[in-house]
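Engineer: The task is simple: from the sequences and hints, build the whole structure.
Chains as they are written, first to last, in my numbering: chain A, 977 to 1252; chain B, 2 to 268.
FYI, nobody ran anything at the bench for these hints, they're computed from the structure. Glycine included, every Cβ here is placed at the ideal spot set by N, Cα and C. Warning: the hint list may mix true and false statements.
As the list claims (entries may be wrong) - Which chain A residues face chain B? A few, computed with CB under 7 Å, are given here: (1) Leu1049; (2) Pro1069; (3) Val1073; (4) Asp1077; (5) Ala1079; (6) Trp1083; (7) Ala1093; (8) Met1096; (9) Gly1098; (10) Ala1123; (11) His1126.
Said to hold, decoys possible - Chain B is nowhere near these chain A residues, computed Cβ spacing over 10 Å in every case: (12) Lys995; (13) Arg1140; (14) Ser1228; (15) Lys1244.
To be verified - Derived Cβ-Cβ restraints for the label pairs, each shown as a range: (16) Gln1171(A) - Leu106(B): 55 to 63 Å; (17) Glu1056(A) - Gly109(B): 47 to 55 Å; (18) Ser1025(A) - Gly252(B): 48 to 56 Å; (19) Arg1168(A) - Arg170(B): 29 to 37 Å; (20) His1237(A) - Gly252(B): 54 to 62 Å; (21) Thr1177(A) - Gly252(B): 44 to 52 Å; (22) Leu72(B) - Ala1123(A): 35 to 43 Å; (23) Gly1236(A) - Arg101(B): 47 to 55 Å; (24) Ser105(B) - Ser1175(A): 56 to 64 Å; (25) Pro158(B) - Glu1169(A): 26 to 34 Å; (26) Tyr175(B) - His1116(A): 28 to 36 Å.
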Amino acid sequence: MSIPRTLVALPDARGVTAKLSAHGVSKRFRSSRGGGVSALTDVDLDITSGEFVCLIGPSGCGKTTLLNLFAGLEKPDMGELRLDGRPIAGPGPDRAVLFQDPALFPWMSVRANVEFALEMIGVSKDERPDRAMQWLRKVHLAHFADAQPHELSGGMRQRAALARALSCQPEVLLADEPFAALDAQTREILQRELQEVWSETRNTFVFVTHNVREAVFLADRVVLMSAPPGSLVAEHVITAPRPRDIEDVLLSKVVVDIHGHLSKEVEKVVAAEIDR
Amino acid sequence: MSRLRSIVRQLGPRIAAVVGLLLIWQLAAWSGLFSPSVLPPPSDVVGSFLHNFSQPQPPRESILVGTQASLIRLVVGLAVGVAAGTSIGLTMAASGLIQRSVGSLMAGLQALPSISWLPLAMLWFGLTERAVLFVVIIGSIPAVAIATAAAVRLVPPLLTRAGRTLGARGWTLYRRIVLPAGVPGYVAGLQQAWALGWRALMAGELILMATGGKGLGHLLEANRQLQNTPAIFAVMIMIMFVGMAVEATFGVVDRRVRGRRGLLANP
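Structural biologist: See the structure below:
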């Protein structure tokens, strides 16, 4: 008697609950001096649906690479990345990305940028203007809907990019240091706004930053990456209730904790740089 | 008020330069150092321009008709040249192999002044308008192709990445993101193609006079044969006017395209 073989791979025990997962992921880049530079080695990460995860680590640790892999903008050399248990084959609007540069299309108005995202997910032409305005109101940009991106301040551009990303109603939002280029005050305001918006939308969020305070303020879980070649070295689950206050003493303690951990990794990076 | 002032600030120096030139010219003519058949006074030139502008000057056409004929030839030539150059440029941008092969060929052709094609064109097409048209076409193709390829290649990768993460791919990505992002570079290429085409056309018309052919270059040569110096100046002024008008149009388009994208240093 023959046993029918299933063609569908059975997800492992962890994969069942993970919204987004990386298993045994490694990635190398060719360096300009020849040979390869290892960006990631053997990374395992499971992210549950609706979780806000911050990736933090010294520069060059591969956190951006990991994000690009989840986005489908790059392919791993080894290991696999999955969304809802399905392998990630390429980029798509189910995983919206916020880049460090807002990456708005400069020939489109702010509203047209959002409408473009809506068009890509198949929203009909009649519905687009209203839907776009709805998202722009959420990020307090309704008055600037008809402005061109270059007419906006850095913070406003990043808000517009957030509206565009959210308008796809993605299951997952991937952010690569979106506030890094902003001044400290604007940055705090945007962190608060992001928290507010996210508490409504509750997308699964992967947020890369090198700012520990930002990570602790936003995240359910902070994942610390090692000095290059990057791998995951520690996790801190932040249970503080939301909405959070950036001045919260309890959060400050976690910040100090993670800072200690992070500085060790940064020291390793600096030591390696001096050796060269 | 401020609008009027900006118009004065924009036009003032331009008008002053022309008036200054006319003044020096008139003084040189009055000085008696030059015979009027060598350097006619500007008044004669203006008279000739006004007189011949719309009235034919047997056996030749009027300046207006000549301008029309030249412009039609330019538009037809550029239309073909731009279409071909754009297609070649887009394939160059799409494939490294074509960039290296056809691209280097285009770079070589661009170094060749287009008027140097005229002898060949005369052998291939005879002493006809088609030979002149050919020169205009062949002169604009490399400029447009190279500019198009560069415009597409220089599109910031971040914008295409952003487009892809929003779900745009293939033809949609190309049409909605890559092409619009390349427009400023493309406009610069068109501007260069027009300038090359206009120069090649004038040179071609000057050298090759097909029987019954009309055009500003032909008028120049005809007036040389008639030794009508004021009329030569008048036609040259018309050639300059056409150039300035087209350049100004390109200036407006270029400012609009780049202003919209925040690429102007002084908006």
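Engineer: Evaluate each hint against the coordinates.
Structural biologist: Outcome of the hint check:
| no. | hint | verdict |
| --- | --- | --- |
| 1 | Leu1049 | 6 Å, holds |
| 2 | Pro1069 | 4 Å, holds |
| 3 | Val1073 | 4 Å, holds |
| 4 | Asp1077 | 6 Å, holds |
| 5 | Ala1079 | 4 Å, holds |
| 6 | Trp1083 | 5 Å, holds |
| 7 | Ala1093 | 5 Å, holds |
| 8 | Met1096 | 4 Å, holds |
| 9 | Gly1098 | 9 Å, violated |
| 10 | Ala1123 | 11 Å, violated |
| 11 | His1126 | 2 Å, holds |
| 12 | Lys995 | 17 Å, holds |
| 13 | Arg1140 | 7 Å, violated |
| 14 | Ser1228 | 35 Å, holds |
| 15 | Lys1244 | 30 Å, holds |
| 16 | Gln1171(A) - Leu106(B): 55 to 63 Å | 58 Å, holds |
| 17 | Glu1056(A) - Gly109(B): 47 to 55 Å | 48 Å, holds |
| 18 | Ser1025(A) - Gly252(B): 48 to 56 Å | 55 Å, holds |
| 19 | Arg1168(A) - Arg170(B): 29 to 37 Å | 35 Å, holds |
| 20 | His1237(A) - Gly252(B): 54 to 62 Å | 58 Å, holds |
| 21 | Thr1177(A) - Gly252(B): 44 to 52 Å | 46 Å, holds |
| 22 | Leu72(B) - Ala1123(A): 35 to 43 Å | 39 Å, holds |
| 23 | Gly1236(A) - Arg101(B): 47 to 55 Å | 54 Å, holds |
| 24 | Ser105(B) - Ser1175(A): 56 to 64 Å | 58 Å, holds |
| 25 | Pro158(B) - Glu1169(A): 26 to 34 Å | 29 Å, holds |
| 26 | Tyr175(B) - His1116(A): 28 to 36 Å | 34 Å, holds |
Of the hints listed earlier, those the structure fails to meet are numbers 9, 10, 13, in rising order.
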